[in-house]
Amino acid sequence: MFNYKSPLSRILEKSAEDTPSATKETETVVSEEIQSRSDEFIEDVEAEADVAKPEVISDQAADASQPVESSDDFMVLQSAFEDDDMSEEENIFAEAAEVESTPEETPAEQAESNTSMAEVLTLMTAREARSAIAPVTQAPAVAEVAEEVETETLSDVLTMPEEETVVSQDEVEVVAEVAAEETVEEVAAVLPEEVEVEVEVEVEAEVEVEVEPEAEVEAPVEAITEPVVEETPDVAEEEAPVPAAPEAEQVAPAEVAAPRRRARIKTTFLGLDHVDHRLNDLIASEPVKKTAVTTSFPVGWLVIVSGPGRGTSLALTEGLLQVGRNDDQALQLDFGDNGISRSNHAVIAYDAEERKCFLGHGGKANLVRLNGSPVLSTLPLNNGDMIRISETTMRFVVLCDENFDWRDAE
Amino acid sequence: MTSSALRYEVALSAEQGHREYQEDAIAARFSSRRDIGYVVVADGMGGHEAGDVASRLVASSWSSVIDRRISETEATESTLADTLPLAAMEANAAIAAYINDKQVSPDMGSTLLGTVFYENRFYWISIGDSPLYLFRDGQLIQLNEDHSMGPDIDRLVIEGVLKPEEARHHPDRNCLTSALMGAGISKVDCPEDPREVLPGDILLIASDGLQHLEPQEIETVLKKHQNESCQDILDQIMLAIRDANVPDQDNTSVAVVALKPPANAAYTPHTSNQ
Chain C
1 MFNYKSPLSR ILEKSAEDTP SATKETETVV SEEIQSRSDE FIEDVEAEAD VAKPEVISDQ
61 AADASQPVES SDDFMVLQSA FEDDDMSEEE NIFAEAAEVE STPEETPAEQ AESNTSMAEV
121 LTLMTAREAR SAIAPVTQAP AVAEVAEEVE TETLSDVLTM PEEETVVSQD EVEVVAEVAA
181 EETVEEVAAV LPEEVEVEVE VEVEAEVEVE VEPEAEVEAP VEAITEPVVE ETPDVAEEEA
241 PVPAAPEAEQ VAPAEVAAPR RRARIKTTFL GLDHVDHRLN DLIASEPVKK TAVTTSFPVG
301 WLVIVSGPGR GTSLALTEGL LQVGRNDDQA LQLDFGDNGI SRSNHAVIAY DAEERKCFLG
361 HGGKANLVRL NGSPVLSTLP LNNGDMIRIS ETTMRFVVLC DENFDWRDAE
Chain L
1 MTSSALRYEV ALSAEQGHRE YQEDAIAARF SSRRDIGYVV VADGMGGHEA GDVASRLVAS
61 SWSSVIDRRI SETEATESTL ADTLPLAAME ANAAIAAYIN DKQVSPDMGS TLLGTVFYEN
121 RFYWISIGDS PLYLFRDGQL IQLNEDHSMG PDIDRLVIEG VLKPEEARHH PDRNCLTSAL
181 MGAGISKVDC PEDPREVLPG DILLIASDGL QHLEPQEIET VLKKHQNESC QDILDQIMLA
241 IRDANVPDQD NTSVAVVALK PPANAAYTPH TSNQ
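Chains as they are written, first to last, in our numbering: chain C, 1 to 410; chain L, 1 to 274.
Since the hints were derived computationally from the structure, they do not count as laboratory data. Note that the structure is a prediction, hence the values are computed from the model and not measured. Among the hints, erroneous ones may be present.
What the hints assert, rightly or not - Chain C is nowhere near these chain L residues, computed Cβ spacing over 10 angstroms in every case: (1) Glu15; (2) Arg34; (3) Asn92; (4) Gln103; (5) Gln139; (6) Asp172; (7) Asp235.
Said to hold, decoys possible - If you want the footprint, here are the derived chain C segments under chain L, 3+ residues with CB under 8 angstroms: (8) 363 to 370; (9) 374 to 382.
All residues carry an ideal CB built from backbone N, CA and C; glycine is no exception.
Next comes chain C alone, as it looks inside the complex (with noise of 0.2 angstroms):
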């Protein structure tokens, strides 16, 4: 079921998609550099990212098949960019391959054939539901939940009385189908990665008991990633209620979530310009969630600057790093924006010899842009630098560069 081959013959597949012996005619080029470069940078990073990379990893690799081997798999990594080498890190995204298609037809098609999150999925379709249902249905005890669903009606009031036509054409293409299915999976995803690992278990399980500590959690979390969320709880827990109810009670729970997802998609979009002056404190809180796990010698960040998940940081660490919504990726973005592939969407490696990271497009049939021109190779990135993948964008932040290295001292 997994075929070995190259980022770009798989772009070549899922542009021609009923073809998928076609491959190895195309070779990757995006990465030439990295690879010749991390000919020298292998030795030192290897070690490192033996030391990283796993602790990130492994707890939320709990999929065996996925090979995520410490060093061995960065080796693995590196080397995927050369067409022939595809190895085992084939398997991690010859998943992905197969669903995903371009970004208009995914979320219709990962919908339907998302098996491999389905375990993942009806976990968190619990916590969705719930999380849905528990603003409407106890908002007292909710406060915070209940902020977050205020909100998003509300900025549906503010920003887009249609909901969807506010929204530029292809948003709305892909929020529509999204919505049915995918919402579920959706807001299921910006939660566990947030949420501190303790927790996670612990919310995961319960079901529809333990409102309140659950509502703790994710409060924040969710202010992060929907920086709209503007207002005060105590007005929340009058007026979450009033416009969401009569969805909530009419429908089925699964059904509650889909349109107020719908509506959250935009409201991310379309409510970037409202800065919310909590934000800062919510930055802060983040780094013991997630990031404690990596606290191995950051190289710089990537600090997501608009799109779902803003507000989130995540640390660079040395070795290959990929991007995707897998939470197997060592930078995982899974928020809400399904124009993300899976993995290895686009990769980033910092150069100890240059001191510098570099991005890569991790061949799929989605752009990664740089600063607004789309990467066709591998690119050194500077402070400050803008990475977009889908509706996605993130900043670039420096640690190390030619002043500072973990090397340089004990």
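Put chain L on the given structure of chain C with help from the hints.
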């Protein structure tokens, strides 16, 4: 869809000039049913069995990716727009593969100027120095970036370092600062948003051989012949290049694209949406 009254008209030409090899490649395709099409120009470098191969590889692999995308009936405009750079990656990969397979000199490479037309809008991707000109309201402007030393040299003129005459014939003028060579691509010009084609606009999609003519000279030709068919316009341009009688005339490939009333339909008075 676009107007029923206006259709894209295209004319292509590729001349070898006074060079030993034809290192340009040019291709176009316009659907007869949908207002959709493309033109691609690739200007190879590296000499015989290198530059010519590179440009053909680039033109063919780029257009085959676009072909596939167009053939998907549900392909939306934004998908198609995204395909331009992805197809360029393909093209670059094709060169890398060729260099690798044939163990040839890695000096071979090619520019890429790919344009995709969708209804009355067009997108482009440009890597290298193949110019994309828009003639509108009597004025010729180059739309795409020039990835050669030309702009740098022109800047030196503005700064007073070089005299205009020195700049015009500067030996480094045609040095590329970005190209598809099967490796990293340093500069890519690929705007996210399309440009609109208005009735009366003339687009020139060319290799840098066209620039044997100064922009003003091209403008003059276009002003004079703008109401003729694309083929006639093209003929006049090629004639002007030949008349310029440049001793080392480079390969010159030019495509002329314009929205014109269909030739067979008698003049339809309503020029509907633009």
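Here's how the hints hold up against the structure:
For glutamate 15 (chain L), the shortest C-beta to C-beta distance to chain C comes to about 30 angstroms, beyond the 10 angstroms cut-off, and the non-interface label holds. Once the 10 angstroms rule is applied to beta carbons, arginine 34 (chain L) is consistent with being away from chain C; the minimum gap is 17 angstroms. For asparagine 92 (chain L), the condition that its CB be more than 10 angstroms from all CB atoms of chain C is violated, with the nearest at approximately 5 angstroms. The claim that glutamine 103 (chain L) lies off the interface holds: its Cβ sits roughly 14 angstroms from the closest Cβ of chain C, which is beyond the 10 angstroms cut-off.
Annotated as non-interface, glutamine 139 (chain L) keeps its C-beta farther than 10 angstroms from every C-beta of chain C; the closest such distance is 26 angstroms. Every C-beta of chain C lies more than 10 angstroms from that of aspartate 172 (chain L), the closest at about 24 angstroms, which supports listing it as non-interface. With a minimum CB-CB distance of about 36 angstroms to chain C, aspartate 235 (chain L) clears the 10 angstroms threshold, and the non-interface call stands. Chain L is given as covering the segment 363 to 370 of chain C, and this holds because 5 residues of the stretch bring a CB closer than 8 angstroms to a CB of that chain, at least three being needed.
Three residues within the 8 angstroms Cβ limit are the bar, and the segment 374 to 382 of chain C against chain L gives 5, so the coverage statement holds.
Going down the numbered hints, you'll see the structure goes against just number 3.
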